[in-house]
Every structure is written in structure tokens, then in C-alpha cells.
Amino acid sequence: MSDVIKKATRESYGEALTALAEKYPNLVVLDADLAAATKTGIFKKAYPDRHYDCGIAEANMMGVAAGLAAAGMIPFASSFAMFAAGRAFEIVRNSIGYPHLNVKIGATHAGISVGEDGATHQCCEDIALMRTIPGMTVINPADDTEARAAVEAAILHDGPVYCRFGRLAVPVINDPATYKFELGKGVTLREGTDAAVIATGLMVNEALNAAETLAGEGISVRVINIHTIKPLDEEIVLKAAKDCGTIVTAEEHSIIGGLGSAVAECVCAGCPVPVRRVGVNDTFGHSGPAVELLKQFGLSAEHIAEVVREAVKAK
Amino acid sequence: MDEMLVRQLQIHACHIRMGIIDGVYHAKSGHPGGSLSIADLLTYLYFTRMHVYPDNPDFAERDRFVLSKGHTAPALYAALAEKGFFPMDEMKTLRHIGARLQGHPCITIPGVDMSSGSLGQGISAACGMALAGKHRGDNYRVYTVLGDGEIEEGQVWEAAMFAAHYGLDNLTAIVDNNGLQIDGKITEVCSPEPIPAKFEAFGWRVFEADAHDFNDLDRVFREAERVTGQPVAIIQHSVKGKGVSFMENQVGWHGTAPNAEQYEKAMDELKNALSRLEAQA
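Protein chains in written order, with the numbering used here: chain A, 7 to 321; chain B, 806 to 1086.
Extracted from the complex, chain B is given alone in its bound form (with noise of 0.2 Å):
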């Protein structure tokens, strides 16, 4: 991958990070540490991958997105704000009463495909998504993002069968595997690894990256393209809030918002780290 565009995307994903943080602490709840495992991945979708339109949200032939893991929709919607679905200042609107902003993701905000936070129904309505581009013959894709702790719901293997019985090369469903849920590390509260062998077990082609480098995701996501005749899953081996020194590989910021002082500390971190990259760019 071409080094400014590297440069390029890692200042969307700062803006994005920003975002994240911006809206957490105005929401005075919300879920840091899973968006922020999620920004890079999200970043190099919107501004690399995917064919949306800000200007035409329900373009009929648009690449589709479904955030599995909606409790994550602060990554989400930062995403689509840098992207410019809406300003990036609606983000301290986030879960405020009256806001468009929902706690979880809502169909009815541009850019947003699917509500979905229910754990392990995203990715069902990826498939039907997937299933009606197949049965067209649109071009579009789909890509689904769901995280580790996600995967030990039922539905998702459900899921997972079907996309694979219909061969569904359209869907990419990515696992964030920051390896912490809500009680504790994933092996720990109810392991679901081995995850790249369940998915292969199920019929889907497996990919793993390193979510926090564009080279290695540009290198998986274009292999994964020349993929047919199954769905791919993507495992991104992530770091739960990457980018906020204090919050990384800290389960307690899964669903915490951060207070004054810590919002100003990691407000602090993420100018600083933008300020080096528009140096280097």
C-alpha cells in the first residue's frame, strides 16, 4: 500500500478515535474500548473498500454495512461522519434524548444499514442482504462486523451455516478479536476459540489480520475478494482500546465513559498522535 495513503487513512482513523472519545464523554456512557479496536478496521472499509455515497445513502447498488457488535456504533458513526454522512459534531449528540444518535445502531440514520446491538443478529441480516444481492445478480458486498465475545451466541453459527449452504462469496463477516468481553477475557468467561477453526469447520474461507496495520488488512481484504463460492470470515487480531494508552487491553473501558480528567488525557494522546501524522503526511 502506497506510504501517504497509509498516512492518510491513519489520520481518518485519528479523527475517527477522536470521535469515539468525543462521544462517549458527552454521552456520559457508551462503549470505548470495542469501537476503538474497531476504528482502523472501520477506517479502511469506508475510505479504501467499500462504494457508499454520502450524497445517496440508499443507492440501491451500494456496498453494504452491518455492525454485528452494535454496541460499538460510536466507531460506527464517527466512520460515517468522517466519511460525511452527517457532521462530525452530531457525536456529542450521541445517546443524548432527541438525538438521531442511538445507543445502538438505527436504520433510519444515514449511512446505517441495519439496526442491529442484539447480539448475533447482525450477521443473519448480512446473509439476507448477501442472499438478495446473489439472487438479483448485484454486484454489491456485505461485510459484517461482529466481535469475539459476540460469537457465543447461537444464532451466529446459524448463520454461519447458512452462508456457507448458499455460497455466499458476496459476505465478509470480520471477528474483532480483542480477546476481552464484558466478565473477563474470552477464554475465560466462555471460550469460543478456536475461532479461525470453527469457521473453517463451517464452510467459510479464514483470513487473520493484524487490525491496526492497513498493509496486512489491504493484503487480507484483497485476497478475500478473489474468494468464490464461500464466505469469508476475517479474524483481526485487535487491541481493545487501541489508541488510548490508559484504556488499551483494559477490560473495565468495555463499557465505561471516560470522566473530565480522562477525557482531556485521551483528547491529549489522540492530538498529539494527529499532529505527528499531518507532520509526516
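So that you can see chain A by itself, here it is in the shape it has in the complex (with noise of 0.2 Å):
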């Protein structure tokens, strides 16, 4: 395995702009003064008459993208996702969110893996943000075939979407030739019955390393992989608390208010189940190489392993 391939998502998200900007003669792009860093500079080049570049002005961005988009455009909206969740979050939630208009939200930089930045980049509170927008669909794709899928699958869903996409280049672990797509589906990776694991984002690949560590120590784990947080696959979810009894959520992101809380949730009202949460800690981060950081904030398969086998037991 030594082979694998390695892409950002940010990346993927660049390139599919600019492959879909054909099919999609509506669809624009705004950015803020990162369009090298969300990677929408390529899409720049290729059609410079469809990027705009709002400056570092974020809240008026997430407007005219409303705008754009009340007036039968599909804007893509880029920035980090510091910004265009953080900061910019009451313009989405009522200039976007409460018209319900056809705005694309693409957030790079999301999760601790922004790196040397540090922590006022390093945003692991937008997925709680989002999830909260009534009508908000949340797409956190796990390599680079599901991120250029759900770019695609955004334009083609009439409303607003909120794409979460990284700056750390992470394996490709989806077949980009067999592989489809599902808003709103999630997707078993391996069948397992004495623990699940829901993961998200760059986490999939590290659940899936875990299983394959716990499968040698004769544990059987489930791997889900939920792309779409909102709206959540309960079928899905609620399947692996009754098969398998006990989950444990892995996410690049707070533990309060994203994938995990969605899945306890979900879980509490439809068959109650413990639910251990791997994710950042209520804590912020701080500056680092990713790979290291994501070590040390526990975002990894050894410690989805350890979190696993502490579930197990207690059965």
C-alpha cells in the first residue's frame, strides 16, 4: 500500500468547477482573496469571466451569491471554512438559509489539518453551524472521487449546500470508476457486528485502518462512511445500533455538534446505544504540522482502535 495516492479535497473541488463549468452554463464562482489556497484559481483560469473575486469581504460575498442565485445563477461561494461558516454564519443562516436560495458553499481549510496556521484557522465548529440552518444540506466528502462527486451533486440539488473540503492531502480510498454518489446516503465500507464505526471526512480512511488492526485482534467493525451530515442517513445509523450494539463516531471536528451529535441523536430517539465520539475535544488547536496534529488530537486509527475496544468491553 505504500502506492496510495494522496489529494487535498480543496483540490478536488478546484478541478470538478472546472470540469462541471460546461455542463452547468449557470454556474459561477466567488471567492475571497484565497483562490489560490481553495484552489478555485483553476477554475479562474480556465473561465476567468465566471469567477469573481469579492475581496476579503466574506459577509458581502455569502450576500451577492444570494443574490446571484435569486436572480437563477448557481454560485459557488469559497472561502475557508473559518469564514464562510464562522464568520459570515448570519449572513448564510438568513440571506441563504431562509430564502432557501440555490447557493454552494465551498469550505476549504476545514478541521485542525489546516496546520501551521494554528487555531483562528483551524475551524472545527462549522458542521455544528451548518447542521443548524434549516434546509442546509452538509456534505463533508472523505477523498478525492467522493469530493468530485459532491460537487456535482450540490449543483444538481435545488437549495443550499455547504461543502466541506481539506487542505491536507489524503488517500484516495473511493474507486473514481465504479464509485456513485448519494446525497443523503451513507455508505458501508465493511460489515462488521461487534462495534460500528461512523466516520466522516479524512477519518473513513483511519476507521477503515482500525477495523483492519481490530479485525486481527478478533474484533468484527462496522465502517460507515457518511458524506452527506445533513440530512443524515438514519436508516443507516440506526441499523448499525441494532446490529452491532455499540458506535463510536470519528470526525475532523469539535465533538459537540457535528457528526457526532447528529448520530446520537438519531440514536437516543430510534434505538439507544452507547456513543463514543472521537473528534477534537473542546479545545482549540494550535500550530503544527497536519499529520502530527492530527495525531495528537486523537484523529487517528490507533485512537479510533483504543476508543473501540473500550466500547467493546464494556458491553
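Think of the hints as simulated: they come from the structure by calculation, not from any bench.
Be a bit skeptical, because a hint or two may be false.
Anything over 10 Å on all C-beta distances counts as not near chain A; from chain B, calculated [what the hints assert, rightly or not]:
1) Val811
2) Glu895
3) Ser921
4) Phe1012
5) His1017
6) Val1044
7) Gln1055
8) Tyr1068
9) Ala1084
Pairwise CB distance ranges, derived in the manner of DEER restraints [unchecked claim]:
10) B:Val1032 <-> A:Lys29: 35 to 45 Å
11) B:Thr913 <-> A:Tyr185: 34 to 44 Å
12) B:Arg905 <-> A:Lys29: 35 to 45 Å
13) B:Thr992 <-> A:Ala25: 51 to 61 Å
14) B:Lys939 <-> A:Asp164: 18 to 28 Å
Small disclaimer: the values here were computed from a predicted structure and weren't measured.
All residues carry an ideal CB built from backbone N, CA and C; glycine is no exception.
Combine both chains into one complex, guided by the hints.
If you want it as C-alpha cells, here you go:
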């Protein structure tokens, strides 16, 4: 497995926009002086007259996106997750969410894997924020294949969509030749009966690695990829609760309000079983290389495996 | 402007003012002061300038209107009703549970182009609509109305920068300069003045107008339409509460509904004004 292909989903975002531009003539791209980093610069180079830089003014950018959508365009408003979901939250809520406008938000640099820039730019709250907006679809793809498919799924969905992408190059785990993206549908990547790990984003690969390790110890782990956090695939979550009796969630996000919370809310109502949440544990990040940070904050296969062992033991 | 047309506009404006008072009174809440100060402007826009179609509110080539100072929704609703988008009688349902006339503009209401009311946001949406028009080569125009207190919001200036940068000459922003905001005089709360100089500095072409003189509005809007390559700001000098004597220039009427006695008095004043206008028409 040494020749694993790695790619950052922000690159998939920029490339997918460019690849889909001809097919969807109403698609336009907005950025807030981060086109080089969000990778919408790739689109800008190919379609300069369909890329509008709004400058360092995310609040206005979200409002402009709303107006474009109200006039029939399909805008992708791009920035770092911190500014797209955080700084511009109230504009996304009132100018995009409330009128249910067809705006797509491309939020890159999500999570702690932003790395060296440190806590001010490491957004671990965006899923929680976006999930509370009525009618908002929230997608957090796991790899390049899924990210590309998510961009087209967002275009085809009529309504606001928040797409979350990362800065760090992550392994491509889905085969582009056979992969099919279904909005709102979780994917069972590995069958298992002792515990279910429900993961999203770059933690999906970690979950698969954890399951492999645990198989060697005789623990059978189901791995589910939740790329669409809202609307949540409740059916797949409840089935996992029923079949496995214990759940571990894994996300590169605060354990408050994200996938772990969404799964716990669902399980609580439908099939109460213990839910343990692996994520950023109610703390700010700090500077450092992304890979080391992920390890340090417990966002790793090793930590997932540890939590699963504990979960199985407690059954 | 033709005198008969001015008279006709004054009659429309009077109907709109009655709709505002009726709505706010029956809602027992709402914002009459800033609604009354833009009644003449909305009359002028909806009855002389804007191409909108009550029978086909979503017509793609229509002119757009965004009420950035969304708390003055009663004025917008009454103007839309006067134009024929829905019956004026519906004003009595304003802010009621189950009614479609929400406390602030909502995009699902016929004729309302954008949900608004969280201040500073409407102008950005108006920029987006204008940009879409430019992008596709459409000929529609976009109008947005801001409060003079509202422009204290930073987002307004992000939008101002954007509109000038992209040369949105199909966008007209009107600042309703009535001089009052909830906490008092704009100059005493946290002054946004000098307003014209600020928009000029951001690259806009700026005009000033008397908000309650249709001839002056007509002069300015006609001139504004000839501007190319940059967005236009019209600072309209208005009287908060205009048309109801005891509400004029009183900050207390920013967000207070009249009681039964005050309602009768306000409606009597407006009915008398209407009778005088109809006699002249």
C-alpha cells in the first residue's frame, strides 16, 4: 500500500468546478481573496469571466451569492471554513438559508489539518453551525473521488449546500470508476457486528485502518462513511445501532455539534445504544504539521481502535 | 413632471400610508416611522420607474427591489398591494400568526424579491442580482433602500466596494436619510455622516433628493439612469413619520404601534389628505 495516491479535497473542488463548467452554464464562482488556496484559481484560469473575487469581505460575498441565486445563477461561494461558516454565519442563515436560495458554499481548510496557521484558522465548529440552519445540506467528503462527485451532487440539488473540503492531501479510497454518490445516503465500507465506526471526511480512512487492526484482534467492526451529515442517513445509523450494539463516531471536528452529535441524536430517539465520539475534544488547536496535529488530537486509527476496544469491552 | 401625474402619485402614496398605519395598528407592533418616510419613494419607484408585473411576479426580466431596511416592510407590502400584487385589505393580517405578511420581507410573498431585515444584508443581495444581470447581459435594474442608521453596518461598505469594483451601473441604492435611528439621532448614536462623501469615496455616483417631492425624485432618478460604469447612490432627505403629524420626526415612532385613539387620528389625517387630493385630481 506504499503507492497510495493522496490528494487534498480542496484540489478536487477546484478541478471539479472546472470540469463541470461547460455542463452547467449558470455556474459561477465567488472567492474572497483565497482563490490560490481554495483552488478556485484553477477555475478562474479556465473561466476568468465566470469567477468573481469579492476581496476579503466574506459577509458581502455570501449576500452576493444569495442575489446571484435569486436571479437564477448557481454560485459557489468559496473561502476557508472558518470564514464561510463562522464569520459569515448570520448572512448564510438569513440571506441564504431563510429564503432557501440555491447557493453552494465551498468551504476549504476545514478542521485541524490546516496545520501551521494554527487555531485562528482551524475550524472545528462549521458542521455544527451549518447543521442548525433549516434546509441546509451539509456534505463532508472523504477523498478526491467523493469530493468531485459531491460538487456535482450539490449543483443538482435545488437549495443551499455546504461542502466541506480539506487542505491536507489524503488517500484516495474510493475507486472513481465504480463510485456513485447518493446525497443523504451513508455507505457501508466494511461489514462487522461487534461495533460500528461511523466516520466522515478524512477520518473514514482512519476508521478503515482501525477496523483492519481490530480484525487482527478478533473484533469485528462495521465501518460506515457518512458524507452527507445533513440530512443524515438515519436508516443506516439505526441499523448499525441494532446490529452492533455500540457506536463510535469519528470526525475532524469538535465532538460538540458535528457528526457525533447528529448520530447520538438519531440513536437516542430510535435505538439507544452507547455512542462514543472521537473528534476534537472541546479545545482549540495550535500550530504544527497537519499529520502530527491529527495524531496529537486523537484523530487517528490508533485512537479510534482504542475507543472501539473500550466500547466493546463495556458491552 | 405632469401635474396630474404628481397628483395621482400623491394619491397612491396616501393609500400606501393608510395601508402602513392599518397594518401596524392591527399587528399591534411594527415600524411606522421609517415606513412612512419611504412611502413616497416606493410610490415613485413602483408607479413610474420599475417594470414589475403583478400577474407575473417572477418574470425573469423584471426590475428587482430589495428592501435592505427590512423593518419597514409595511411600506413595501402596502406599495405591492397598491400595485396589485395582493389586496390592500391583507395589510390587516400583518405579523399575525399564519399570515404570509411576515414582520420582515420574505421572498415567498408575491412581489418580494429578497428576504431581508437583518440590517446591511439586502444591499449585498442587490449587488448579486445586479451582477447576474451584467453577467448575462440582461437589461433589468436593481433598486435597494437602506436606512441611514443601517449604513453603520460594516457589510454595507463591503457591498459598496464590490458594486463599484464591478461597475454595477444597473444598481441604484437609495439611503433614506431621515436622521433618526432607534437610539436617537444618527449623529448622536454613532454618526455615519458625511454620507454622500462616503459613497463617493467608495466609487459611487451620488445624488441627493427631497424624499417627499415627486418632481425632485423624478429629476434625480432620470439623471441617475444615465450614469454608466458605476453604481448610483441617492441620498433622499426624508422626514421620519411623514404624513402623520404626530409621528413626524419623533424617534419614539420608530418601532411603536399606535393605540386605538392614535390610529383614528392618523387615519383621519390621511383620509382628509386623500379627500383634498381627490378633489384636485
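Checking against the hints above, which ones are violated? 3
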